[in-house]
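*Asks:* Chains as they are written, first to last, in the working numbering: chain B, 37 to 301; chain D, 37 to 301.
Treat the hints as calculated values from the structure; they're not laboratory data.
Be a bit skeptical, because a hint or two may be false.
A pair holds if it fits inside one copy or across any two, identical chains being indistinguishable in the list.
[As the list claims (entries may be wrong)] Here are the simulated SDA-like cross-link-like pairs (lysine to any residue), alpha carbons at most 25 Å apart as the crow flies:
| # | residue 1 | residue 2 |
| --- | --- | --- |
| 1 | 113 | 243 |
| 2 | 209 | 155 |
| 3 | 113 | 241 |
| 4 | 209 | 111 |
| 5 | 198 | 49 |
| 6 | 113 | 88 |
| 7 | 113 | 132 |
| 8 | 198 | 268 |
| 9 | 113 | 129 |
| 10 | 113 | 38 |
| 11 | 209 | 165 |
| 12 | 113 | 197 |
| 13 | 198 | 148 |
| 14 | 198 | 175 |
| 15 | 198 | 115 |
| 16 | 198 | 153 |
| 17 | 113 | 52 |
| 18 | 113 | 233 |
| 19 | 209 | 167 |
| 20 | 113 | 98 |
| 21 | 198 | 130 |
| 22 | 113 | 183 |
| 23 | 198 | 54 |
| 24 | 198 | 51 |
| 25 | 113 | 51 |
| 26 | 198 | 44 |
| 27 | 113 | 99 |
| 28 | 113 | 56 |
There are 2 protein chains.
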Amino acid sequence: MSFRSASRLEQVEPGLWRGEIQSDWDILGNANGGYLLAIAARARVLASGRRDPVTVTGHFLRPVRPGPIMVDTEVVKAGRRFATVRSSMRSVDGERLLEVLGSYGDLDLVDAPERVDAIPPDLPPVDDCIPVEPTETFPPPFMAQVSMRLHPEDAGFAMGAKSGIPRIRRWFKWRSGEALDTLGMIVAADAFPPTIFNADLPVAWAPTLELTTHLRERPRPDSWLRCAFTTRFITNGYMEEDGELWDEADRLIAQSRQLALLPRG
Amino acid sequence: MSFRSASRLEQVEPGLWRGEIQSDWDILGNANGGYLLAIAARARVLASGRRDPVTVTGHFLRPVRPGPIMVDTEVVKAGRRFATVRSSMRSVDGERLLEVLGSYGDLDLVDAPERVDAIPPDLPPVDDCIPVEPTETFPPPFMAQVSMRLHPEDAGFAMGAKSGIPRIRRWFKWRSGEALDTLGMIVAADAFPPTIFNADLPVAWAPTLELTTHLRERPRPDSWLRCAFTTRFITNGYMEEDGELWDEADRLIAQSRQLALLPRG
């Protein structure tokens, strides 16, 4: 199923939308966080009439299983350049699942001073990287939605050979061949596998408390995304995961940062 | 005036607070963004009964002048480890000024696996750095609230000698001698001067659209903060500013990232 179909929303009344969390977009039974956040962002794009989610922050309140959900939206401010919208995703029973705040605008290229002190993530060509294929359990069904190619140095965790560096570098594309838009970028910013898989620590999973994505321009629709996710600080029961997502034109398309939780001793 | 006094709030009714944006906490007439966000965070600490703003995101809707403001809060979820709260800061006329989403908890030190792939920001000792003293205009009155010492290599912009690297490294402390708490950290994460002052670009100021801070542990109350703020991507009319704030015990206390706007050509 395409991302467009899997994140479809129907308007119930002004500011209220109904959707369906699809099965096969999950990791160990729970919907992928980027997928949830992208659905909430789609509601806000619809509510604001703006095309691109420039900066979106989600706080994840509970694990979410497949099934129907509601998203309510409130346009906090509709300005000339941005609309700021807050929204809640709820179960049909009214239980809050995800709380989101974002500003929406238009990422057409503009003429402004530029300066970049970075190079694209270090990745061998797509064909020299390691594809990740979905299974019923691990790797998760979610991997059927995306084409992913891992840096060979970062791919050993599945066979018990962690790199020791909490970092994942990978190529990303929709498996359906669907064009990548700025909503899809939010999924790309939180796709499996997490950096913690490569850390030499007795930690199997680190649930996301909060995820913020900054979209800087629209990706080339048919481009592979060249991504690096890095964790520099695992301290006091928390870790950040910083993402950089570039397209094949060697342009930064998005940055992401999430705060994830470690099991407490 | 201490930070505690300058960010004081009175409860008007459940979930509604009244405060006062103080003069002399401004930069060119507008209140410092971190100061505003810290006031909104104080309302949420009070509303949630949790002590520490673990992750806080603010979207800045309008410049804010000194004067009375209202903050309303809604506890979205009160869980075991975190309370998630959203809030709006408004003028007394009801105009929205700042929209905030955050999760609050307790940053007592816990026993959990640690790994740090970073060293504290490169700064000479406090006494070898350059103090910034307030004036009526520039440097701004806000600098009377904080003691700041700039890295000598990053301090030339005031005399027209930009370093050419959009980076500011500095020591930070309250000038009043007041103990630094986790709310004060939000101010420290957005204190003047901005990185853009050191870029060789025809840009004088870049207003903040969004600022997220992650607090990782409580700072030593009497410690200088050792901070670095860096911009790596100035593209398509946007720039990020990434902050790292450490204390004198060489522990990471906070990370911040903001998305700021460049004038459009």
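*Asks:* It remains to establish, for every hint, whether it holds in the given structure.
*Replies:* Here is what the structure says about each hint:
1. In this assembly of identical chains, residue 113 and residue 243 lie within 25 Å of each other by CA distance solely across copies; the values are 17 Å between and 31 Å within a copy.
2. In the homo-oligomer, the alpha carbons of residue 209 and residue 155 lie at most 25 Å apart inside one protomer (20 Å), although the nearest pairing across protomers, at 35 Å, exceeds that limit.
3. When the C-alpha separation of residue 113 and residue 241 is checked against a cutoff of 25 Å, the pair qualifies only between copies, where the shortest distance is 23 Å, while the shortest distance within a copy is 37 Å.
4. In this assembly of identical chains, residue 209 and residue 111 lie within 25 Å of each other by CA distance neither inside one copy nor across copies; the values are 31 Å within and 38 Å between.
5. In this assembly of identical chains, residue 198 and residue 49 lie within 25 Å of each other by CA distance neither inside one copy nor across copies; the values are 49 Å within and 54 Å between.
6. Taking the shortest Cα distances, residue 113 and residue 88 sit within 25 Å of each other inside one copy (16 Å), while across copies they are farther apart (28 Å).
7. In the homo-oligomer, the alpha carbons of residue 113 and residue 132 lie at most 25 Å apart both inside one protomer (23 Å) and across protomers (8 Å), since each shortest distance falls under that limit.
8. Taking identical chains as interchangeable, the C-alpha atoms of residue 198 and residue 268 lie at most 25 Å apart only when both belong to the same chain, with a minimum of 16 Å there against 29 Å between chains.
9. In this homomeric assembly, residue 113 and residue 129 come within 25 Å of each other (Cα to Cα) only across copies, at 15 Å, whereas the closest approach inside a single copy is 29 Å.
10. In the homo-oligomer, the alpha carbons of residue 113 and residue 38 never lie at most 25 Å apart, since the shortest distance is 32 Å inside one protomer and 32 Å across protomers.
11. Proximity of residue 209 and residue 165 under a CA criterion of 25 Å is satisfied intra-copy only: 14 Å inside one chain copy versus 48 Å between copies.
12. In this homomeric assembly, residue 113 and residue 197 never come within 25 Å of each other (Cα to Cα): the closest approach is 49 Å inside a single copy and 39 Å across copies.
13. Proximity of residue 198 and residue 148 under a CA criterion of 25 Å is satisfied inter-copy only: 20 Å between copies versus 42 Å inside one chain copy.
14. When the C-alpha separation of residue 198 and residue 175 is checked against a cutoff of 25 Å, the pair qualifies only within one copy, where the shortest distance is 16 Å, while the shortest distance between copies is 50 Å.
15. Proximity of residue 198 and residue 115 under a CA criterion of 25 Å is satisfied in neither setting, with 48 Å inside one chain copy and 33 Å between copies.
16. Proximity of residue 198 to residue 153 under the C-alpha cut-off of 25 Å is restricted to the inter-copy arrangement: shortest distance 16 Å between copies versus 30 Å within a copy.
17. Taking the shortest Cα distances, residue 113 and residue 52 sit within 25 Å of each other both inside one copy (17 Å) and across copies (20 Å).
18. In the homo-oligomer, the alpha carbons of residue 113 and residue 233 never lie at most 25 Å apart, since the shortest distance is 40 Å inside one protomer and 29 Å across protomers.
19. Taking identical chains as interchangeable, the C-alpha atoms of residue 209 and residue 167 lie at most 25 Å apart only when both belong to the same chain, with a minimum of 12 Å there against 49 Å between chains.
20. Taking identical chains as interchangeable, the C-alpha atoms of residue 113 and residue 98 lie at most 25 Å apart only when they sit on different chains, with a minimum of 10 Å there against 28 Å within one chain.
21. Proximity of residue 198 to residue 130 under the C-alpha cut-off of 25 Å is found in neither arrangement, the shortest distances being 41 Å within a copy and 54 Å between copies.
22. When the C-alpha separation of residue 113 and residue 183 is checked against a cutoff of 25 Å, the pair qualifies neither within a copy, at 37 Å, nor between copies, at 35 Å.
23. Taking the closest pair of Cα atoms, residue 198 and residue 54 never come within 25 Å of each other, the shortest separation being 41 Å inside a single copy and 52 Å across copies.
24. For the homomeric pair residue 198 and residue 51, neither the shortest alpha-carbon distance inside one copy (46 Å) nor that between copies (48 Å) is at most 25 Å.
25. Taking identical chains as interchangeable, the C-alpha atoms of residue 113 and residue 51 lie at most 25 Å apart whether they share a chain (14 Å) or sit on different chains (21 Å).
26. For the homomeric pair residue 198 and residue 44, neither the shortest alpha-carbon distance inside one copy (37 Å) nor that between copies (49 Å) is at most 25 Å.
27. Proximity of residue 113 to residue 99 under the C-alpha cut-off of 25 Å is restricted to the inter-copy arrangement: shortest distance 14 Å between copies versus 30 Å within a copy.
28. In this assembly of identical chains, residue 113 and residue 56 lie within 25 Å of each other by CA distance solely across copies; the values are 22 Å between and 28 Å within a copy.
In the structure shown, a violation is registered for the earlier hints numbered 4, 5, 10, 12, 15, 18, 21, 22, 23, 24 and 26, in ascending order.
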